[in-house]
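Build the complex: two chains, separate frames, hints provided.
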Amino acid sequence: MTAELLVFFLLAALSVAGAVSLIFQKHPIHSALSLIVVMVALAGLYLLMGAEFVAAVQIIVYGGAIMVLFVFVIMLLNAGLEEHTSESKLAGFPGILLALALMGFVATTLARSAGSFVSSATDGGKIVANLSSTRQLSTMIFKDFVYPFELTSFLILIAILGAIVLAQRES
Amino acid sequence: MIDFLSAHAELIITLIKIALLMFIVLTVNAYLTWFERKVVAHMQSRWGPHRVGPHGLMQPLADGLKFLFKEDAMPAGVDKFVYLLAPLLALALALTSIGVIPFGPEPIRLLGHNIWLYIANPSIGLLVLFAITALGVYGVALAGWSSNSKYPLLGGLRSSAQMISYELSLTLSVVGVLLMANSFNLTEIINAQSHPAWGIGILGWNIFSGPFPQILGFFCFYIAAIAETNRVPFDLPEAESELVAGFHTEYSSFKFAMFFIAEYTSMITVSCLCTILFFGGWLSPFPQSWTFTYYLPSLLLVPTALWIIWDGIRYETIWGKLVLPVIGGGLLLVGIALAIPQLQFVNVFIQGPFWLLGKILVFLFVYVWLRGTLPRFRYDQLMAFGWKLLLPVSIANVVLTSFFVLWRSNP
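Those protein sequence lines, which keep their order, are chains A and B. Take the first sequence: its letter number 86 is residue 86 in the working numbering, and every next letter is one higher. Take the second sequence: its letter number 107 is residue 278 in the working numbering, and every next letter is one higher.
Honestly, I wouldn't trust all of these hints.
Stated by the list, open to error - Cross-link-like lysine-lysine pairs, in silico, DSS-like; alpha carbons within 30 Å at most: (1) Lys26(A) <-> Lys321(B); (2) Lys241(B) <-> Lys251(B); (3) Lys321(B) <-> Lys251(B); (4) Lys251(B) <-> Lys188(B); (5) Lys188(B) <-> Lys237(B); (6) Lys241(B) <-> Lys26(A).
Honestly, the hints are just simulated from the structure, not real lab data.
Just chain B, with the same shape it has in the complex (with noise of 0.2 Å):
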């Protein structure tokens, strides 16, 4: 048994780093929907859910409850084979694509072995993203074909357009990084950043840094991706009120919540990739000399745990008043732990997690700003701004990068 375990060691790792991935990504898209029924709930004056748990903390766990329980209905007349896959091809390929991206630079080291904080770091990283976005078209298409009905029909159709569309301004708009870090790997893209000029760590950042600001890749990537992910401007393949759910809507139960998990993975990859390719991914935006900010966590836990715990003794409810402050607590402790000295491998160790997170976290609430603000586009204006205006610019961005790079390499 030892001598099987020994011998396979590298492999056993990556499956226990599988398991854990795919609970971590699950959990986190549960409370993604949270998230964002809050921050549009407030963003419209309104409570949000606030029943199921303190704060409706409970409302992910209800809502998966309900989706397992709920009658699985399968319309007449449906191509089974091809009905049954769509969802499942959805959700898979959205899963695989979080396993390239790379969560912190150094690996954990424990019993002889690096445990690195990514599942796959293949030299073609970037690419594979893409192939499986590429991909990714297959489940809405499929699913709307399969379904027998004229809506759903028309949602895959519009689906299918949008993304071949979007997809090469998608492409196009990472060639200046590419150009500028010279690699496809995202772990040498993010190590590409960290010569930041004057040594402040923001200004190393494509997005900020030369030979060319990457200020209209970022902004072509971004807008490309949300169409990619069918997101609100873009939801067109499920503008309820014209198809009344789109490709999704003849799908029930747990095949809809698999639909459902896969929109909001890829979002969570889309905020990965923005990070990674634009912002530093991982790297701190402050001169690498200012060695307090790695206190950092620790000052933003201490407060947010205080606030917690003061609001948990004020709530309504007992169940409330005796969760909110356990966690809080919790919270409290985590964040005080981080700032003991003898506890500073730790806190090194988690900068970059830190940083790569927090950055995460930003681009998921622009995404549920975005909902929250804006209309849906006209299927004409989404095609116009797809192919007049997005991929010109993105065309222009891969000009001026590659003249700037071959400038500064001989001037």
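For reference, chain A alone in the conformation it holds in the complex (with noise of 0.2 Å):
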């Protein structure tokens, strides 16, 4: 258990260090490599819930594609330095206050109802535990949520093709 926490406790170390060095660096790049770390943590966290499969695809969905996407346009526009314009203290104070308050509330809200997920009978509690092996995983989408799952990638489709729809009409 203690091995355990302490791998789980440099994750998240890890996680939001990349994330506040996301926000900070003045390079776009360097910013999306900050991002790539988040991913990466995160994978390692799923890992260590037990969910294999998630942790993978994580990697390979957001760690790979989609960040790859990022970093090859930052690349093809070459991008510079980010240019810093005079901080609005409107946007600054109010700004960091909201963003606690946002995490208070996320957090108490998680430490609440936090065992009911594992423990409890419901439907929350089933998804959690079996979102450990690959199996269960593809029998509960393809199965049980199915029309869910078509649903959603009905709309991915549609939004991939209004993409294609809007750049057609720009050139």
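Structure (structure tokens):
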């Protein structure tokens, strides 16, 4: 348990550090690299929870495909250092306050419902318990939730077509 | 001390295995360059390396020393952190991927411990490999970007576009195998191929066996994998006639060597994967009742050893006259030892790795063969080929395979 906890805190610290560095880096490529660190650290956290498949897919899809696209676009546009505008006080102070409030809200909600995810026999409990094995995950997606799944993929298809139509109109 | 050792035996065994595997992979890498240069040279009616050691056998060592002692130049205006990170990333990811490859079916029993011939055997082995491949693009892309030079940037851009395009076909082409094996685990994928029709081993391999032979899948996989490893005919990221040397133009000394080793290591990984996914891994192509095929390793080793000794005696230099017969003699002893009845347990153990390594060697040869034969694609041809031919064919393979698998399970 202690070793697991140690790995958890290492990964958690890594992902938080990556997220902070993502915001404060001056160069877009460095920000993108920080985001990759966050994605990989999250995959490590999934692995720690026993969700092997989700962890691998997290790296393949987010760490690989999507972030490569980000890096590719940044390289293609040859984006330089970010220009910082004169910082607005209005966005700064209340922004930090609101962010902290949101974080506190999410944290308390999670803390209050902690345990009910796994222990209760509700659907939520079933989902978390079943995420571990690839076989169970696919059974769930393609049997129990096949209609929502197909609807989602249909939605994504429409979004792709929309993107193509929009890109065509520009040229 | 003893307590500590026995308490952490698994950990220590794994660490030793990692060190050993690294050593073997790096040595094989070095001799792969020798092999490639020799084979390509003979294809082009040249001799290839033959000055350093007999038959140029010490050439990889000389190259390694040269890499270490060259001046390590860093161009002005590079993004230092990313510039240094890129080769490290490329090498580390390439070496990590070898760790999930199983090299044999049976563990070695030593002091009450089972030492398996892999470092890790995750239930999602294949997905782990794809995850590592997915991250592998960054080494090349970041090297191109951080060098602050136009040719590397173009090389990095090309490589990113190429890897994104071919990764789709690469992943889709193995879905057929996954459907037939019902698992992501590499050991289970091999074991699923061990029930051949009429008991003839080769007919159980995924490329020949039913419900739907994965011939299409294999060709899609191998072509996409060659593109992923940036090898001829898909080596556009480093097309020397257009881009000097592409993404690694500005890298010198050992940083260049790191890219080099990464490329050759991924060639080895791809050959392992081809073998495991489509050609039965460590399974023998012969019927299981043919136990005399167990003498095949000795049957191959003894004539090779005799030929090496014969060649050594006739060799021009004193050095070759001394070294080659010694190597040949060593191989001869191993070959004879494997045929001794008292040592049959070693011979039986060695069968799996023997077939696996033999098949891997064939695929490595094909890599070199292609390099000696084919010209480079043009960039638009590359993209059209990937998207308009390879992707539809691999999707068709998925559809057909799933149809036949379903048909067989409930006719």
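Here is how each hint holds up against the structure:
1. Lys26(A) <-> Lys321(B): Between Lys26(A) and Lys321(B) the Cα gap is close to 22 Å, so the pair holds against 30 Å.
2. Lys241(B) <-> Lys251(B): holds, 20 Å
3. Lys321(B) <-> Lys251(B): holds, 17 Å
4. Lys251(B) <-> Lys188(B): violated, 34 Å
5. Lys188(B) <-> Lys237(B): holds, 29 Å
6. Lys241(B) <-> Lys26(A): Between Lys241(B) and Lys26(A) the Cα gap is close to 34 Å, so the pair fails against 30 Å, i.e. violated.
When each numbered hint is compared with the structure, violations occur for hints 4, 6.
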